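Trainee: Sequence:
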Amino acid sequence: STMSLARQNYHQVSENGVNTEIARALHLSYSYLNTACYYDRDDVALPNIHKYFMKLSDDKRELAFKLIHYQNERGGKVSLESINKPDETVFEHPKDALAMAIKHEKKTNDSFLALCEHAEKNDDPHLSDFIEEELLESVVDSLKKLADLHTNAKRVGKGLGEYLFDKESF
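With this note's numbering, letter number 27 in the sequence shown gets 32, and the count goes up by one each step, no holes.
The hints are simulated quantities; they were obtained by calculation from the structure and are not laboratory data. Worth double-checking, as some hints may not be accurate.
To be verified - Each computed BS3-like pair below joins lysine-lysine, with the alpha-carbon atoms no more than 27 Å apart:
| # | residue 1 | residue 2 |
| --- | --- | --- |
| 1 | Lys-71 | Lys-112 |
| 2 | Lys-108 | Lys-150 |
| 3 | Lys-112 | Lys-150 |
| 4 | Lys-71 | Lys-82 |
| 5 | Lys-111 | Lys-150 |
| 6 | Lys-90 | Lys-150 |
| 7 | Lys-111 | Lys-159 |
| 8 | Lys-163 | Lys-149 |
| 9 | Lys-126 | Lys-112 |
| 10 | Lys-112 | Lys-90 |
| 11 | Lys-71 | Lys-126 |
| 12 | Lys-149 | Lys-111 |
| 13 | Lys-60 | Lys-71 |
| 14 | Lys-172 | Lys-56 |
| 15 | Lys-159 | Lys-112 |
| 16 | Lys-100 | Lys-56 |
| 17 | Lys-172 | Lys-149 |
| 18 | Lys-90 | Lys-126 |
| 19 | Lys-149 | Lys-108 |
| 20 | Lys-108 | Lys-60 |
| 21 | Lys-56 | Lys-111 |
| 22 | Lys-112 | Lys-60 |
| 23 | Lys-90 | Lys-71 |
Keep in mind the model is a prediction, meaning the values are calculated, not measured.
Taking the hints into account, I'd like the entire structure generated from these sequences.
Mentor: What follows is the structure in structure tokens.
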């Protein structure tokens, strides 16, 4: 295949890194969808936690689309990977699902920072600006919201506590 005419100063490692982030975003969308489905079950029935994880899933899918658009805009080639089955499907308590999401968001943040560092090292201000302006802030905001929810979830017990947490925290 031919080289893209739009490609300029776009390092192969940057292209690979963006493809990795696309795969991560799609995997997280799938994982958060799986978590949302768990909270929508009739034997769990926490509708606001369900809606919150649906929104996280939608946000990650939107992030993947934003990264795909960026990849094409820079003249890179989008390379989609298989999406693995999510790890956790049953949560003892909402704090466990929130802790899982926090872990994922921290990994995403670290990965964005590493890609940004690579872009700066390879004199690609376009990519580092894109990461700083379009990606990092939303991950930091998401982490803060998840951390706040996790703190509140830790305060409640199972049963009625979970029900009230679902009702009052979202």
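Trainee: Next step is simple, just say for each hint if it's right about the structure.
Mentor: Results for each hint:
1. With a CA separation close to 19 Å, the supplied pair Lys-71 and Lys-112 stays within the 27 Å bound.
2. Simply put, Lys-108 and Lys-150 have alpha-carbon atoms about 13 Å apart, close enough for the 27 Å limit, and the pair holds.
3. A distance of roughly 16 Å separates the Cα atoms of Lys-112 and Lys-150; the hinted pair therefore holds under the 27 Å criterion.
4. Distance restraint check for Lys-71 and Lys-82: the Cα-Cα separation of roughly 14 Å lies within the 27 Å cut-off, and the hinted pair is therefore satisfied.
5. Distance restraint check for Lys-111 and Lys-150: the Cα-Cα separation of roughly 13 Å lies within the 27 Å cut-off, and the hinted pair is therefore satisfied.
6. Our distance criterion of 27 Å between C-alpha atoms is met by Lys-90 and Lys-150, whose separation comes to about 26 Å.
7. With a CA separation close to 19 Å, the supplied pair Lys-111 and Lys-159 stays within the 27 Å bound.
8. Restraint check for Lys-163 and Lys-149: the C-alpha separation of about 24 Å stays at or below 27 Å, so the hint holds.
9. Straight-line distance between C-alpha atoms of Lys-126 and Lys-112 comes to about 21 Å, which keeps the hinted pair within the 27 Å bound.
10. A hinted pair counts as satisfied when its Cα atoms are at most 27 Å apart, and Lys-112 with Lys-90 qualifies at roughly 18 Å.
11. Note on Lys-71 and Lys-126: the hinted pairing holds, with a Cα-Cα distance of about 23 Å set against a maximum of 27 Å.
12. For the hint linking Lys-149 to Lys-111, the alpha-carbon distance of about 11 Å falls within 27 Å, and the restraint holds.
13. A hinted pair counts as satisfied when its Cα atoms are at most 27 Å apart, and Lys-60 with Lys-71 qualifies at roughly 16 Å.
14. Simply put, Lys-172 and Lys-56 have alpha-carbon atoms about 12 Å apart, close enough for the 27 Å limit, and the pair holds.
15. A threshold of 27 Å between alpha carbons decides the hint, and for Lys-159 with Lys-112 the separation of about 22 Å falls inside it, so the pair holds.
16. Only pairs whose Cα atoms come within 27 Å are accepted, and Lys-100 paired with Lys-56 is accepted, the gap being roughly 16 Å.
17. Note on Lys-172 and Lys-149: the hinted pairing holds, with a Cα-Cα distance of about 20 Å set against a maximum of 27 Å.
18. Among the hinted pairs, Lys-90 with Lys-126 is inconsistent with the structure: their alpha-carbon atoms are about 35 Å apart, more than 27 Å.
19. Distance check on the hinted pair: Lys-149 and Lys-108 sit about 12 Å apart at the alpha-carbon level, within 27 Å; holds.
20. Taken as a hint, the Lys-108 and Lys-60 pair is honoured in the structure, with Cα atoms around 17 Å apart against an allowance of 27 Å.
21. Note on Lys-56 and Lys-111: the hinted pairing holds, with a Cα-Cα distance of about 22 Å set against a maximum of 27 Å.
22. For the given pair, Lys-112 sits about 19 Å from Lys-60 by alpha-carbon distance, which is consistent with the 27 Å threshold.
23. Distance restraint check for Lys-90 and Lys-71: the Cα-Cα separation of roughly 23 Å lies within the 27 Å cut-off, and the hinted pair is therefore satisfied.
Checked against the numbered hints given earlier, the structure breaks only hint 18 and satisfies all the rest.
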